[in-house]
Amino acid sequence: MSDPIITLTTDFGDGSSYVAAMKGVVLSINPAARIVDLSHRIPPQDTRYAAYFLPTVIPYFPPASLHVVVVDPGVGTERALLYVEVEGQRLLVPDNGCWTELLRAEPRSPLVIRLAEKRFWRDRVSATFHGRDILAPAAAHLSLGLDPRNLGPTATEWARFQGPKATLHQDSLNGEVVLVDPFGNLITNIPGESLSLLKKPARFKVGGHNLERLVRTYGEAEPGSLVALVSSSGMLEIAVNQGNAAEQLRVEVGSPVTAISAP
Amino acid sequence: MSDPIITLTTDFGDGSSYVAAMKGVVLSINPAARIVDLSHRIPPQDTRYAAYFLPTVIPYFPPASLHVVVVDPGVGTERALLYVEVEGQRLLVPDNGCWTELLRAEPRSPLVIRLAEKRFWRDRVSATFHGRDILAPAAAHLSLGLDPRNLGPTATEWARFQGPKATLHQDSLNGEVVLVDPFGNLITNIPGESLSLLKKPARFKVGGHNLERLVRTYGEAEPGSLVALVSSSGMLEIAVNQGNAAEQLRVEVGSPVTAISAP
Amino acid sequence: MSDPIITLTTDFGDGSSYVAAMKGVVLSINPAARIVDLSHRIPPQDTRYAAYFLPTVIPYFPPASLHVVVVDPGVGTERALLYVEVEGQRLLVPDNGCWTELLRAEPRSPLVIRLAEKRFWRDRVSATFHGRDILAPAAAHLSLGLDPRNLGPTATEWARFQGPKATLHQDSLNGEVVLVDPFGNLITNIPGESLSLLKKPARFKVGGHNLERLVRTYGEAEPGSLVALVSSSGMLEIAVNQGNAAEQLRVEVGSPVTAISAP
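Chains as they are written, first to last, in the numbering used here: chain A, -9 to 253; chain B, -9 to 253; chain C, -9 to 253.
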């Protein structure tokens, strides 16, 4: 059997001492753990960004992988810390809804445990760094085979992320940009498969620009031209072939995007 | 025997969900694979940069390491994806020349296979993310011991990167800046050992500046002064001791650099 | 027994070919080594930053972990390279004081060895890249079980980092900002526990601003308000709840910070 996988997703920034300290804590408890960096570039305290990030990543991991997520504006307040089993994956997260988009693909109720047993935490818990002092050690203990029910009581309520939903009105789908990827591609909340709900092939509006057709991949268009396509995560995406759509259109998260039946 | 090594080199940016998803795909197929991040900061779609980056890194790895490279402006078009054996290393790359600078040190013809066998890909292949859906799973299967000849037919032709060559004219070597490193040091395409072809010790011209002599290391010059030296990868390098040469000289990739026999 | 851990801390920047080459060198000598990135974002050649970074990270690792630190403005000059045992950890460092803040918590004299035995280096040593050619191979050999006394002679002198010390004057503690973290929080050199030396609860001055009270965690204050608290590393920290104190106060490393007895 392979050494257990513990992934880290934080808003601490690349090269932060906070990430490095968490790695040390994990390895001190389970020297055999294999730490995998997912991202340390979640924008600071942006639980909304984390909520969109996790579903594009977590489901690709082997079943029962452990994922520690530290995007935690409420650190040190009364917000809970949770252990969650969802989609066959295991997460350790602040109770701020960052993980609940993973429920969409999950028919069953998740197992959720509120972390309460201090014997699985570090001896001294900083009021500002529960990632290092609670989540990392809990993950390390789980990776050694600890039954998660030892971590605390089962929880039946938790914070939920409520993202904007795309809506269908007669001949148009109305959504918005929910993520800008590192290429400047605009990922929307309009599912690619919902485009078939329109009566005729769609054309698109975003940031005052019109796009006439959906392509299959970037390279189908001339370099520099604006295209609509279905992203690798299945959502409508607006991109510039070999360019940066966010900069070129001056569009950002929250900007409206519309798909309209061709006349 | 150690767990197999799979390195990742991409233009996805640090903290990108695209990198994280590739890690998940690799580990889902081979949970024992050890993933090593080489760089996710290749400039977007800059196959030229990748071509210079790989020879400074890949040869240091143990024989038969697997290297996945995703700098792929042609994703989803007819460009091929390749498995390559070169310099004792194994690469999975788009057929855009990003790997062919590794051939310079290689006397033998490389083994090149065109990826064609879909049973080693993910079930659903996105038109925009072959790194996740084809290259990562192929690498993971190889790391489990798959014979690469199962991946597809042997290829005898492939795209080649044609970088600018330094040229010798009587008393001067004429080259250019091909890479700017993170310190702002200017790496040129003039091999350090070619400087011995000049009749007398060289002096240098770059961006309108003259340098009188070659030093062995940064610290031989005063802080802030401009120096020429042979880089750790064996090429002529222009640097500012404890400073940033690219910013100070306002020089960039493509700027001419000349080494001239001292009069 | 788990595979040995080798951590990397450098000023090479994320995605640098220099970091990637070091990983290859380590794995070529010990394919079973597990490489852990701590940070590649130490500001270029900033040994002072490294001196503050390491004590917030290294002590969390399992005993006898190996830590390679490459922040080395003197590369290629006569400065020594060292193997150090301190706080139960093992470091490979340039002799520039980057590690000596770790001595503060250490009652015993550290074992320090000057790297001299070239058989544990790469065959060709670049004058500008001792991280790849000396430190990485030395760490890899140690991870295979090499007795460190084989690396060279014991050293009894070494460079020491002399950071600014906070001072107590009657009713005030006078210190300064020594680190700005990725959130813009200002970490000072005033130990949190020294605040009890003041006769009455402290108030604080920084960058022309006054703070009335110490909080326990960010969330105790309104979003956007300025707070003083004890950081996760135990030092007085000035922060803006859900904001960036460094930007908001226009304060940087070296700015004075004062804690004063309340009147």
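The set of hints was computed from the structure by calculation and includes no laboratory data.
This structure is a prediction, so every number in the text was calculated from the model and none was measured.
Even glycine gets a Cβ: it sits at the ideal position worked out from N, Cα and C.
Be careful, since some hints might not be right.
[What the hints assert, rightly or not] Quick list of the computed label-pair ranges, beta carbon to beta carbon:
1) 33/C x 199/B: 17 to 27 Å
2) 94/C x 232/B: 51 to 61 Å
3) 154/C x 97/A: 53 to 63 Å
4) 113/C x 139/B: 51 to 61 Å
5) 189/C x 108/A: 29 to 39 Å
6) 113/C x 135/B: 25 to 35 Å
7) 183/A x 184/B: 35 to 45 Å
8) 190/C x 152/A: 43 to 53 Å
Tested hints:
Range check, residue 33/C to residue 199/B: about 26 Å between beta-carbon atoms, so the 17 to 27 Å window is met. Residue 94/C and residue 232/B have their C-beta atoms about 28 Å apart, which leaves the hinted 51 to 61 Å range violated. Against the hinted window of 53 to 63 Å, the Cβ-Cβ separation of residue 154/C and residue 97/A comes to about 59 Å, which satisfies the hint. Distance hint for residue 113/C and residue 139/B: a CB-CB separation of about 35 Å, inconsistent with the stated range 51 to 61 Å.
For the pair residue 189/C and residue 108/A, the beta carbons lie near 34 Å from each other, so the given range of 29 to 39 Å is met. Taking the beta carbon of each, residue 113/C and residue 135/B are about 32 Å apart, inside 25 to 35 Å as hinted. The beta-carbon spacing between residue 183/A and residue 184/B, approximately 58 Å, falls outside the hinted interval of 35 to 45 Å. Hint check: residue 190/C to residue 152/A, Cβ distance near 46 Å, so the stated range 43 to 53 Å holds.
In the structure shown, a violation is registered for the earlier hints numbered 2, 4, 7, in ascending order.
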